[in-house]
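Going by my numbering, the sequence shown opens with residue 76, and the numbers climb by one from there.
Read the hints as simulated data drawn from the structure, not as lab findings.
Do not rely on the hints blindly, as some may be mistaken.
[As the list claims (entries may be wrong)] Here are the computed lysine-lysine pairs in the DSSO-like style, where the Cα-Cα straight-line distance is at most 27 Å:
hint: 1; residue 1: 323; residue 2: 290
hint: 2; residue 1: 200; residue 2: 169
hint: 3; residue 1: 130; residue 2: 193
hint: 4; residue 1: 194; residue 2: 130
hint: 5; residue 1: 137; residue 2: 193
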Amino acid sequence: MVVILMAIAMVCLPALFVMMMNSSQPTVQMAKQKPGAQAEPAEEPHNASSEIRGKWHGLCGKGIVKSVADFRRVVDGDPVLAAHFQGFDWASAKQGTLEDAVWTPVAFRTGDTIRMTKKRVLLPKGDGYITDGTRRVRTYCCNDYSESAPPPQVLAPPAEEKVDSAVPRRLGAEPPREIVAGPPSQFSAGSPAQMSAGPPPRVALARPPVVYPPKRSPPTPVPEPGSLILFGTGAALFGLFRWISRRKE
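Using the sequences plus the hints, can you model the full thing?
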């Protein structure tokens, strides 16, 4: 009986453990998800249209603001805009248009969240705005940006070639040739011959003389000692024979 109960326990306990693990997973997933949470936007407006793939991201309706009064009425009727534009100086608010195109980060809206673009957006020339001296609000979409926006980007002209010389020359021009001073003119200063056109005569540079090594004379043959002995012996024998022949006569 005990063996049977142990076998049943060994079979049931693993099954019970697996069931408990499966039932606990949904609870963990539900705990991670907060009710009403909103995912971070993957994109942001990159131009003055305030749209991302046709979806509107303006702070208010498109083109509904025509004056300062319209803008204040829209802000007062939207709690999100009222919190965002808290501290806006309505007494100093005035309307205007951009004289030049401006690159600047602008605000955009996703649901009830208002953020600033990480990259600068090009606002075109003539874009309408309302400003209090610190913040500018586009009348097109109510997206605001800083009053101290950077000036429009202007391409700088290409830098000219720098030449370390008192006389400037154009790119690709042949450099001036070096002129070798010649002997003093034989004419007096200011004479017509001296003032005539034409390059001065070039002076031929003297080349150093070429020194060749001295020629070596062929070596004088010197007789060997053996040859001298043979020559002396032969001369002595010849003289001896002459002397003997003279005495016989």
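For each hint, the structure was consulted:
Of the supplied pair hints, the one linking residue 323 and residue 290 is violated, its CA atoms being roughly 58 Å apart against a limit of 27 Å. As the CA atoms of residue 200 and residue 169 are separated by approximately 18 Å, the hinted pair is consistent with the 27 Å bound. This hinted pair checks out: residue 130 and residue 193 have alpha carbons roughly 19 Å apart, not beyond 27 Å. With a CA separation close to 19 Å, the supplied pair residue 194 and residue 130 stays within the 27 Å bound.
Straight-line distance between C-alpha atoms of residue 137 and residue 193 comes to about 22 Å, which keeps the hinted pair within the 27 Å bound.
In the structure shown, a violation is registered for the earlier hint numbered 1 alone.
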